[in-house]
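Mind the numbering: the sequence shown is residues 1 to 361 in UniProt numbering, read in order.
Wrong hints could be hidden among the right ones.
[As the list claims (entries may be wrong)] Across the chosen pairs, the derived CB separations fall in these ranges:
1) 253 to 190: 17 to 23 angstroms
2) 149 to 91: 35 to 41 angstroms
3) 91 to 324: 50 to 56 angstroms
4) 293 to 190: 45 to 51 angstroms
5) 229 to 150: 29 to 35 angstroms
6) 355 to 109: 33 to 39 angstroms
7) 355 to 331: 17 to 23 angstroms
8) 165 to 348: 17 to 23 angstroms
9) 285 to 109: 28 to 34 angstroms
10) 59 to 325: 50 to 56 angstroms
11) 199 to 147: 24 to 30 angstroms
Derived by calculation from the structure, the hints in this document are not laboratory data.
All figures in this text were calculated on a predicted structure; none of them were measured in a lab.
Cβ coordinates follow ideal geometry from the N, Cα and C atoms, glycine included.
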Amino acid sequence: MKKSLGLMLGTLLVVSACGNEGESDSGNGSSNESGNNEASSGDESGGNDENDSAEASGEAVTLQLGHNLAEDHPVHLGLERFAEVVDEESDGTMEIDIYPNAVLGDEREVLEQVQGGGVDLTKVSASALEGFASQYAVFSLPYVFEDEEHFFEAMNSETTQNLFEETEEQGFIGLTWYDSGARSFYTQDTPIEHPDDLEGMRMRVMDSQTQIDMMEALGGAPTPMPYNEIYTGLQQGVVDGAESNPTALTNGNHGEVAKAFSFDEHARIPDLLVVSADAWNELTDEQQEIMNTASEESTEYQIELWAEAVDEAMVEAEEEMGVEFHYPDKEPFREAVEPMHEEYRQDENIAELMDAFEELR
Numbered sequence: 001m002k003k004s005l006g007l008m009l010g011t012l013l014v015v016s017a018c019g020n021e022g023e024s025d026s027g028n029g030s031s032n033e034s035g036n037n038e039a040s041s042g043d044e045s046g047g048n049d050e051n052d053s054a055e056a057s058g059e060a061v062t063l064q065l066g067h068n069l070a071e072d073h074p075v076h077l078g079l080e081r082f083a084e085v086v087d088e089e090s091d092g093t094m095e096i097d098i099y100p101n102a103v104l105g106d107e108r109e110v111l112e113q114v115q116g117g118g119v120d121l122t123k124v125s126a127s128a129l130e131g132f133a134s135q136y137a138v139f140s141l142p143y144v145f146e147d148e149e150h151f152f153e154a155m156n157s158e159t160t161q162n163l164f165e166e167t168e169e170q171g172f173i174g175l176t177w178y179d180s181g182a183r184s185f186y187t188q189d190t191p192i193e194h195p196d197d198l199e200g201m202r203m204r205v206m207d208s209q210t211q212i213d214m215m216e217a218l219g220g221a222p223t224p225m226p227y228n229e230i231y232t233g234l235q236q237g238v239v240d241g242a243e244s245n246p247t248a249l250t251n252g253n254h255g256e257v258a259k260a261f262s263f264d265e266h267a268r269i270p271d272l273l274v275v276s277a278d279a280w281n282e283l284t285d286e287q288q289e290i291m292n293t294a295s296e297e298s299t300e301y302q303i304e305l306w307a308e309a310v311d312e313a314m315v316e317a318e319e320e321m322g323v324e325f326h327y328p329d330k331e332p333f334r335e336a337v338e339p340m341h342e343e344y345r346q347d348e349n350i351a352e353l354m355d356a357f358e359e360l361r
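Kindly produce the complete structure, drawing on both the sequences and the hints.
And the structure:
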């Protein structure tokens, strides 16, 4: 379970020398926020004997958690709370070392390391998991959640918990989720009051097939682009607009070049904390329970921080950046993406998840 300290420090020095990558969507108002998550404990009879002995001998367990967010971001603060509770509940015998700012790689790179057992935990946007487990595309579908209350209920449901546990064969298990808010459109100066307003507009989207399909269904021209290129893209007219939540206006300074923000709230894509299946199955039952307890507490803590961050961002964007907020009728947007929903229902796994979430409305 314990990783080579020399290897980790070497990795950090090499990557740090190259400079940090820009933050992802989930780091700055994405996508890309109390989950009663009790992840699968794996084969209880076959994986824990070694760690039972280690625990009895007093050997500490150290787990590495890599992500791409800044240290002042609400999700990072939630992860810090996770580490604190793990330390408290284990009486110091378990430690979570957090490596923020993409020092271990971008979301996909770190997730691949988690799959291979090179990194123990990571935070990723649910949209980033589509390429690893197709059923996770359900979280990126537009208007799959009615509102924030429905989103919270769905994320805390048995359906989502089961989904978290289904990916053990892919090398990772979901522990909990974090709020990343509702995604809406913002442009240089044109309010998006109706899907017709998007016609011909080059709109930045995440590099996610679901997001590309959504933009096409709404009539816009999807333009995948890294998050840290949006500001320049808007400034130079490479894109006409983007979609995220209000914190992107301030954390990413997008409010300096985008003055019209329209709350169509087309998607609520959570961030997820996942653990390597290998690392998880090496933990004792007691250690797994500690991780579950810490996960739940960290989510409850992060949700409050996120709500405060959004409120503060809106005030700052409006009063200091001159951003105007608009509140369009959402129904035309919902109607425009209905054919997309039917298309994604062709995947039986996604259809089952959509039906389960629909029952919670």
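How the hints compare with the structure:
no.	hint	verdict
1	253 to 190: 17 to 23 angstroms	20 angstroms, holds
2	149 to 91: 35 to 41 angstroms	38 angstroms, holds
3	91 to 324: 50 to 56 angstroms	53 angstroms, holds
4	293 to 190: 45 to 51 angstroms	48 angstroms, holds
5	229 to 150: 29 to 35 angstroms	33 angstroms, holds
6	355 to 109: 33 to 39 angstroms	34 angstroms, holds
7	355 to 331: 17 to 23 angstroms	22 angstroms, holds
8	165 to 348: 17 to 23 angstroms	18 angstroms, holds
9	285 to 109: 28 to 34 angstroms	31 angstroms, holds
10	59 to 325: 50 to 56 angstroms	54 angstroms, holds
11	199 to 147: 24 to 30 angstroms	27 angstroms, holds
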